[in-house]
Amino acid sequence: MDKNSWTYSEEVKKNFLHPKNFLEKEPKEGDFDAQGEAGSAACGDIMKVWIKVDLKSEKVKKFKWQTWGCASAIASTSVFSEMVTERGGMEIEKALKITPQQIIERLHGLPSIKIHCSVLADQAFKDAVKNYYAVHSS
Amino acid sequence: MTKRRVYLDHAATTPMDPKVKRAMESFWSKNFGNPSSIYTEGRDAKGAMILARAEIAKILGAMAEEIIFTSGGTESDNLAILGVAKHFAKSFLNYSFSPRLNSQAGFDTDSENKQFKKPHIITSKIEHHAVLNPCKELEKQGWEVTYIGVDKNGLVDPREVIRAIKPETILVSVMYANNEIGTIQPINEIGRAIKTYKRENKTDFPYFHTDACQAAGHLDLNVEKLGVDLLTINGSKIYGPKGVGVLYVGRSVGINPLMYGGEQEKSLRPGTENVPAIVGMAEALKIAQKSKDKEAKRLVGLRDYFIKKLISKIPNVYLNGDPVKRLPNNINISVLGVEGESLVLYLDEYGVAASTGSACSSMSLEPSHVITAINSDPLCAHGSLRFTMGKKTTKQELDYVIKILPEIAKKLRQFSAVKI
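Sequence lines, in order, name chains V and Z.
Just so you know, our numbering puts 128 at position 128 of the first sequence, and the rest follows in order with no gaps.
Just so you know, our numbering puts 19 at position 19 of the second sequence, and the rest follows in order with no gaps.
Heads up, a few of these hints could be off.
Stated by the list, open to error - Here are the simulated BS3-like pairs of lysine-lysine, each with C-alpha atoms no more than 25 Å apart in a straight line: (1) V:K62 with Z:K419; (2) Z:K313 with V:K126; (3) V:K20 with Z:K419; (4) Z:K58 with Z:K21; (5) Z:K411 with V:K62; (6) Z:K403 with V:K14; (7) Z:K419 with V:K25; (8) Z:K411 with V:K13; (9) Z:K410 with V:K25; (10) Z:K3 with V:K13; (11) V:K14 with Z:K21; (12) Z:K325 with V:K28; (13) V:K25 with Z:K58; (14) V:K20 with Z:K195; (15) V:K14 with Z:K58; (16) V:K13 with Z:K21; (17) V:K13 with Z:K403; (18) V:K20 with Z:K411; (19) V:K25 with Z:K313.
Just so you know, the hints here were simulated from the structure itself, not pulled from any lab data.
The following block holds chain V by itself, in its conformation from the complex (with noise of 0.2 Å):
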């Protein structure tokens, strides 16, 4: 892809107008584990999540999230969510390393102007796991 194209690969596109995994409601007690949050409004680009973890196995098994951002933090944010969720869901140290580069290739790449600001989810994952781990001690 030319990297100072605008115009976003069809799997962006796709997963940008039909996000997988947004949290649609306000969580209710118990719903989720822990939550996290990267970005900043200053930046234009503020992302929540919220995960559900199985305490035996450490996998993930939910990955709710919110994103106020451009159209490749809303797609990158949604490929994230499926890849931890997927196939009954990646324990949380392999989830740890998924790194931007997956992301963007799972998209089929992205501008590369977008990639610092809008690849968030694994930031504010990390977040989630850090608090997570803060009341479920390993």
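Start from chain V and add chain Z according to the hints.
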């Protein structure tokens, strides 16, 4: 299946009017001569250019020799600012030849005393980048620039402009109508105040420049009435060709070229003239100015209807810019809690072309300096959405947007991390 398209971004560019295209037609291959050639083909091309220049001069209330053709709005703005600055840098170097000019410009003409005040420019915080960036460039070269703020509606206060003038102020540049929020500045008031200042202080400075690119299709362009010494317009915003612009340069203005070459455009803008585009520019301006009053009436009705509907159908939507002192075709709103690029791409999916001042849609990743100047809340700039109507815009098209935008905003707000 061809999808329905609703084009609401006429401030970005306009489709070329078929009449303009027809006027240009014969100058590509048939009357292709170089206006500088003295034989028949050259004279024919030159004749067309003379006519175009005269027509534009008439609309501006100017003399033909005061019309300089350029490659567009950006070049005209650059030529106005950097060309005037260059002239004065040169005057300064040659100050012994024109002590009057130099003392008027605030330069110390005492050769024993090398101390001199920085030459000064005044502009506004909400100018187009084609004005702001040449000013920033001059700051690097030792000029001083004052960026005047605007009120919450985006208006420049003429009194503030006058207060900022110093003896060494060479140029004031304030845009006629803003490209993002459509605010129409009190150019004639500023022009009058500058003239009074000049008379009272017995000086020829500052010159007054206005970028009228967005205004050209809607407002009066008479340079006398506006009180301007320099004025920028271009073709692509008025249903004319892209790549052509005009800089009006008043007779008494000291200005130097930015490029050097032949003697075209009084050597101020050398290079073989773009005859088809120049002919098209004149035709476009003629059509725009002729129809502007009737068209403004129609557009103001549509504009105010559209604004009212958007605000009533979507919660937490605010109008950016002045509700009255506003271009007839401009609607700029902030949809709080939603990011502008997402809005624009969703609208595009539904067949609607609009634009945003969100950081995410700019290469610099900076939010709009215009919305930021009128409202410091980042949610406003990042959630801003601009619709600019055109000749072909209908109420049905606006009703379509009124139907789909509330759904889009609702959906994007649903997965937004910022809850309003």
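Now the hints, each set against the structure:
Restraint check: the Cα-Cα separation between V:K62 and Z:K419 comes to about 22 Å, which is no more than 25 Å; the hinted pair holds. Restraint check: the Cα-Cα separation between Z:K313 and V:K126 comes to about 39 Å, which exceeds 25 Å; the hinted pair is violated. Taken as a hint, the V:K20 and Z:K419 pair is honoured in the structure, with Cα atoms around 19 Å apart against an allowance of 25 Å. Taken as a hint, the Z:K58 and Z:K21 pair is honoured in the structure, with Cα atoms around 22 Å apart against an allowance of 25 Å.
Of the supplied pair hints, the one linking Z:K411 and V:K62 holds, its CA atoms being roughly 22 Å apart against a limit of 25 Å. Restraint check for Z:K403 and V:K14: the C-alpha separation of about 23 Å stays at or below 25 Å, so the hint holds. For the hint pairing Z:K419 with V:K25, the CA-to-CA distance comes to about 12 Å; that is within 25 Å, so the pair holds. For the hint linking Z:K411 to V:K13, the alpha-carbon distance of about 16 Å falls within 25 Å, and the restraint holds.
For the hint linking Z:K410 to V:K25, the alpha-carbon distance of about 13 Å falls within 25 Å, and the restraint holds. Restraint check for Z:K3 and V:K13: the C-alpha separation of about 17 Å stays at or below 25 Å, so the hint holds. Our distance criterion of 25 Å between C-alpha atoms is broken by V:K14 and Z:K21, whose separation comes to about 39 Å. A threshold of 25 Å between alpha carbons decides the hint, and for Z:K325 with V:K28 the separation of about 49 Å lies outside it, so the pair is violated.
Pair hint V:K25 plus Z:K58 does not hold up; C-alpha atoms about 63 Å apart against a cutoff of 25 Å. With a C-alpha separation of about 62 Å, the suggested pair V:K20 and Z:K195 falls outside the 25 Å cut-off, and the hint is violated. For the proposed pair V:K14 and Z:K58, the alpha carbon gap of about 54 Å is over 25 Å, so the pair is violated. Our distance criterion of 25 Å between C-alpha atoms is broken by V:K13 and Z:K21, whose separation comes to about 36 Å.
Using a Cα cut-off of 25 Å, the hinted pair V:K13 and Z:K403 holds, with the two alpha carbons roughly 23 Å apart. For the proposed pair V:K20 and Z:K411, the alpha carbon gap of about 13 Å is at most 25 Å, so the pair holds. A distance of roughly 22 Å separates the Cα atoms of V:K25 and Z:K313; the hinted pair therefore holds under the 25 Å criterion.
Consistency note: the structure conflicts with the earlier hints numbered 2, 11, 12, 13, 14, 15 and 16.
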